[in-house]
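Asks: Listed below are the residues making up each chain.
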Amino acid sequence: MGSFEGLDLTLRWRGRPRRFRYNAPVTTLGTGVLALLALDAGFAVVSLLPNQVAAIRMAGPSLLWWYGALVAPIAGVLIAVAAARSPGAPPDP
Amino acid sequence: MTAAAPLLALWLTPALWLALPDFILEDGPTGLWITLAVSLIPLIAVGVGRTATAEREAQWAAPFAASALVLVTGLLAWANLALAGDLAAGLGAPRWQGIAVAAGAAWLFTTWRGAGRIIPALLLAGALLLAVPSADLVREAGVDPLRAWDRVAAEAAFRFPARSAWVTSGQDMGRARGRTDLVFDEEHRVTAPSGGVLRSRSSDGGGVSEREWSLAPGQSVTFRAGDRLLEPLALPLRFEAGKRVPGAPPSGAAWAAGGPIDWGRAADLHVTLVMGGVALLCAGATRSFPRRAVLMLGAALLAVSLWAQGWAIYGALGAPDVFLGGVTVGRLAEMRAAPPARQALGGLVLASAIMSFAASMIALRDRVTALDARASGHVTRRPLAWVALFGAAALAGLYGADPWSILMLAFGTAAASLGPATLWPPERSGAATAAGAVGLALFVVLAALGALQSVAPEAVRVSRPASVAALWTAALDHPVLAALVAGAAVLWAFGRPARPRRRQVRGAA
Chain F
1 MGSFEGLDLT LRWRGRPRRF RYNAPVTTLG TGVLALLALD AGFAVVSLLP
51 NQVAAIRMAG PSLLWWYGAL VAPIAGVLIA VAAARSPGAP PDP
Chain L
94 MTAAAPLLAL WLTPALWLAL PDFILEDGPT GLWITLAVSL IPLIAVGVGR
144 TATAEREAQW AAPFAASALV LVTGLLAWAN LALAGDLAAG LGAPRWQGIA
194 VAAGAAWLFT TWRGAGRIIP ALLLAGALLL AVPSADLVRE AGVDPLRAWD
244 RVAAEAAFRF PARSAWVTSG QDMGRARGRT DLVFDEEHRV TAPSGGVLRS
294 RSSDGGGVSE REWSLAPGQS VTFRAGDRLL EPLALPLRFE AGKRVPGAPP
344 SGAAWAAGGP IDWGRAADLH VTLVMGGVAL LCAGATRSFP RRAVLMLGAA
394 LLAVSLWAQG WAIYGALGAP DVFLGGVTVG RLAEMRAAPP ARQALGGLVL
444 ASAIMSFAAS MIALRDRVTA LDARASGHVT RRPLAWVALF GAAALAGLYG
494 ADPWSILMLA FGTAAASLGP ATLWPPERSG AATAAGAVGL ALFVVLAALG
544 ALQSVAPEAV RVSRPASVAA LWTAALDHPV LAALVAGAAV LWAFGRPARP
594 RRRQVRGAA
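Residue numbers (the working numbering), protein chains in the order written: chain F, 1 to 93; chain L, 94 to 602.
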């Protein structure tokens, strides 16, 4: 996700010839924050899975515990690192 | 570590991180969900902080933001000093001693101008102090974390160990919850080593009866399944070894599966934590984090999350009497069943909490000073103001309030006053101030009415029309949500959100 940083991807008209250019301020920032919020909400989603899927034991703990204890926190760190500014990138505006 | 340390110190205040094992023990998966949120919120704040614009910096320059942060700092200090009092009481010392030591240490550090440099050292020292009792818990259990979880989940019931201090010598019920009734799941003989008055409520053939015993020192009363011991305030009691712990989950499997989630309460808690945390962590911060700092921050948060789970699981395994009357943060330091290891462990936890509290207050002082400087144009240090803040928080801490409730009040205040403008920075700082003032005022009024509702429900009841009554009830139940909506509405009305500046396209015309 960090590879998109700095790209302006807005859909907007140019002069002649009239055509689209994909060039909007879409950055990893919003996506990263939303993904982290989704990870938090994902705990509720996993706990609501049908047929008590969340209670399935894997190497001891249940699926829900694996998600909350390791999977989501590690995924959160990876997402945040990917969304962070790379060392060579220009400073944030 | 150096770049991530102030943010880590700001967030991981002891009243927050020490509450995590409490929640995991008390609610199983629901507690784990709170732990997950706590480990994700600083990463969310880093993401939100990256959108720092000139408009947001102008917003933070408003004196209102500095005042709101001072208010939040005072509430955070109160929560942590109340916790220090609880921990000291758990060690058998008077509450005021724990409060005085913690307040004194924090004040000394905040008056030292260069204290910001030692935040990483304070955090490291706190972590090392905590590592000793944690390693001791693992050594005593003698099993790896996965097997420990499996063993707790396989417990048929949580029973008093024979070496528990609640069994051998008896303990003061004030150290448990003290104001909560104990409900017995099976026949249980309770002894009052130094005598006292016990009151119970029991159901007999459809009727409910209350009884009272005046016990001489060493006398016992036998309770039956379903009997309720009423408000055993500050009374030493001894329980039977091998009997179920009153207040504990029915079984390990029930604890691991957790009860049904109260979605309204969960949503309110998560909104308060996320919005309050993001607002607090972004307050006055405009520096973006490089990847290495984010990685360090994430690794530290993951370590705290794993520590909380381990502390809860090994604690339930080694000292199931921690469930007695409901888990409280102050008793989490008593995870070893028998003294003197229990005292030593508790002392190390208290020392670690004081280190963390000092680091947290230094980080907050630096934020408040930076905001103050932006608002006034020059750096002003106010040692007397910090004396007043810690003094007021220490006096309030002497009253035995629940640290978590005060912490939620602090996060609610941060969310209501700073939250909307943090997420949607307006172009004018006046709009941010108006939104914050309206949100804060509404939050304070609704929180006060909510507290009044618990003692006099009729005084704040609105019964008609039905739609207004429903809205009124929802606002009283979720004051942070109501304040956020009001703040966002003010922003929408008075200040157009600042448009993010377009980034320069590399190589594009």
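Treat the hints loosely; a few may be bogus.
For the chain F half of the interface with chain L, some residues (derived, Cβ under 10 Å), not all of them [what the hints assert, rightly or not]:
(1) D40
(2) L49
(3) V53
(4) L70
(5) P73
Because the hints were derived from the structure by calculation, they are not lab data.
As the structure is a prediction and not an experimental result, all values here were calculated from the model.
We put the CB at the ideal spot given by N, CA and C, even for glycine.
Asks: All hints are to be evaluated individually against the structure, with a verdict given for each.
Replies: Status of the hints after comparison with the structure:
Below 10 Å, beta-carbon pairs count as interface contacts, and F/D40 has one with chain L at about 5 Å; its hint therefore holds. Interface restraint check for F/L49: the shortest CB-CB distance to chain L comes to about 13 Å, outside 10 Å, so the restraint is violated. With its C-beta approaching chain L no nearer than about 13 Å, F/V53 sits outside the 10 Å limit, and its interface hint is violated. About 8 Å separates the beta-carbon of F/L70 from the nearest beta-carbon of chain L, less than 10 Å, and the hint is met.
A cut of 10 Å between beta carbons decides the hint on F/P73: the least distance to chain L is about 5 Å, and the hint holds.
Violated hints, listed in ascending order, are 2, 3; each of the other numbered hints is respected by the structure.
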